Structures are given as structure tokens and as C-alpha cells.
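Model the full assembly from the supplied sequences, consistent with the hints where possible.
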Amino acid sequence: MTEDEAGRRRARGELESEVMAALWSAGEPLTPAGVQAALGSDLAYNTVQTILSRLLEKELVRRRPAGRGRGHVYWPAQDAATLAATRMRAALDERPDRRAVLQQFAAALGEDDAETLRALLAEREP
Amino acid sequence: MTLTVYLPLLLPALVAVAARLAADRARPRAAVPALVAAAVLTAVATIWSLLLLILTLFDDLPDMAALDSRSGLHLPKPVPDAVAVVAVVLLAVVLFRLERDVHLRRGTARRLRHAGPSAGGVVVADWAEPLAVAVPGRPGEILLTTGMLRALDVDERRAVVAHERAHLAHRHHLAVLLAGAAAAVNPLLRPARDAVAYLVERWADEEAATGVGDRRLVARAVARAALATAGHPASAPAPALGVHGSVIVRRVRALQAPPPAAMRWQSPLLAGVAVAALVLEATATADFVAVLRAWLIP
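Taken in order, these protein sequences are the chains called A and B.
When we follow my numbering, the leftmost residue of the first sequence carries the number 1, and every step to the right adds one.
When we follow my numbering, the leftmost residue of the second sequence carries the number 127, and every step to the right adds one.
Just so you know, these hints were derived from the structure itself, not from any lab.
Every beta carbon over 10 Å from chain B, so not counted as near; a handful from chain A, in silico:
#, residue
1, T47
2, Q49
3, R62
4, R63
5, R70
6, W75
Which residues of chain B face chain A? A few of them, derived with a C-beta cut under 8 Å, are:
#, residue
7, T234
8, L238
9, A258
According to the in silico footprint, chain B covers these stretches of chain A (three or more CB under 8 Å from chain B):
#, segment
10, 55 to 61
11, 89 to 98
Bear in mind that the values here come from a model prediction, so they are computed numbers and not experimental data.
We treat Cβ as the ideally placed atom computed from N, Cα and C, and that holds for glycine.
Listed below in C-alpha cells is the structure:
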């Protein structure tokens, strides 16, 4: 595999995860155009369509006709995510000390720290 | 072998000093390997010193005790038996804690692996608690909860995923595992362990910032994710560097400041500690062998 191909493969993986994330945070079924808008990037419509088909094959998303010939709407498959959550909770609840060794993106905060962070966030808004 | 065998037990205090100083000043990419190497080396020195102390009990073996009665033999008693017995107990405790720590870290990763089908290496779990975790493996996976996804906007989500991918790409779990194991062996290394845990987060933050091309975006993602986590009552604290939560504030501040410069004198300090550990252990071992030879070869 050339470096360029490896780069393209990685990029496709990143797009798949971004589309999944967009579908989950939308909270309602989206058309491919809706996904395109949610991602806010210069992704081609066809690329979004291709990624959605791949996710459908993996049974990570479901779809139904949008009606009136507008193609399909897509939403994330609930069962896979519920199962993942069940496994995750089981692993972490079984032994509470597991959380302490987890490399979490963000940890819980004290009230002082929360205030500081809110201030820091506000500071940067234009 | 009087001082030389005891001093290595205290060397980790210097590693801890270097760790504290490196945490916010050094470039994480350089500081993490240096700290991990120094921590592991001084932890091994700790075990070796305990072993030497234990081995001085050899003259109490029945066969050896007979040699003691030879007339005219005046050998120094290098280590009191009481100290050697304490070393036996300490070594047992150390090995127990080491096994438990490594088992906990590896077990946690194993249980989180393959939680579900992944899209581009990301597994989404439908759970209100905001969590984003890198699960090492071949290949590694990123676990994201819907609670985390919904707390962030599209750019912030990209930053979080870039951060977690950096953890996996640079095998940060190994650095954290080794530093944790070293601290389990010698508690003086706990500050070094916490500094490594903090610095791999900083490393992943910096890499994410390079990836998305925006340090402020990563700072915002860290802050927003932490606030979402704080708003969730079930979320467990993950304290590090002794101060609860403030690690997040330090990460956000570091991202708002210019990128850190290279290490200056932390490297020589750590290298000095490594050399001192090797010299002291070599001297202690040589002294031990000398006593042993004098004892066995009249």
C-alpha cells in the first residue's frame, strides 16, 4: 500500500466516524444533504452517499424512504449503540477503580474549576 | 554497600522533582519518554536494592552458619538481619502491588475492547454520561458516548476524535502502564506517574491542535467536554497531579498559551538520576560480591 492510499483509507475511516457522530447528535433522521450540512465541510454529496451506504452495510445506520421521491433519511442503529453502552457500563461498574485508570478525554470538575472554565470559554467568544 | 544499597530507594524523589518541573514547561513528546525511562529505571533499582538486602541473609542458612565458626574470620556484617527481613516484607508488598496495578490497567482495556461495531475506529455507545476513551489494541478503538457527542459541536467532536487517535497512534497506554507500574513499586514515583498521565493528555491535545489546525478549538472542546462531564452526577472524578479537576484547567490554559518549548535542564537532571542509579547499584552489587567471596573462599 502506498502512503497515499494509506492516507485515503484513514481519511475514509475519519469520515465514517464523523457521519456517525453527526447522525447521533442530530437526534432526528437526516437526508444525505442534511448530513452534508451538519458536517459543515466541503464534502461532496456523492461522498456522503457512499459513506452512508457503507455504514448501512455494517448495520450501523438504518434508513427509510423520505417520501415524495426525496430519497432516504438515515438514523443511527439503536441496538449496536445500546449493546456498546451495556458492555461499557458493565466493565466500569464491576470495579469502580477501573475509572481511575481510564484515559478519559475529560474528568469531572470541582465547582471552582467549572467557574474558571466557563470564564475561559466566555473570554474567547468574539 | 552501606549507603550505596539504600540510596537507590530514594532516587525516585529526584525523578518526582523533575516530573513536577517538566509537567507544564516541557514539550510533552520529549518529556514523556524521558520520565517513563527514569521512572522504570529507578523502580528496577528499587527492586534490585531490596534483593541485595535480602541476599545478605545468606550467612544465616544452616550450611553458611557453619562457616561463621571458623576462627580468625572477621568479616564486616554489611546489613543487620532486621533490615534484611524488612526488605523481604517490602519486596513481597512491592511485587503484589505491581501485579495488581498492571492487571487492573490491562483488564480495563481488555473489557472495553470490541464493545461494538466500529465506524472508522469509533464505537458509539448510547449512554447519557459524557465519555471519550481510547481503548488500546490492534487496532485500537475510540469509545464515544452519545452524551459526549451531544455536548459538542461538529468541530469540537473532530478535536476530541483527533485527541483520542493521537493516544492510540503514540501508544500512550504503554507510557501510562509503565509509569503506573513504577509507582506501584516505589511510592516516591507517584508524582512521576501523575505527571506522565497529564503529559500524555497534553501531547494528545497538541497533536489534535496540529491536526485540526486550531489550538483554541481544542481548548474549547476540552473545556466543554469537562463542563458536560461535571454536569453529570454519575461521572467519576479522575484526579491527577493531586488536585482534583484542575488538570483540565491547566490543559485549557496550556492550549491558549504558545506551544511549549523543548526541555532544557530537565533532561540532564533525569539523565543524572539514571547514571546515579546505575553507579550506586553497580557499587552495591560489587560490594556484595566482595563480601560473599571473602566469606566463601577463606
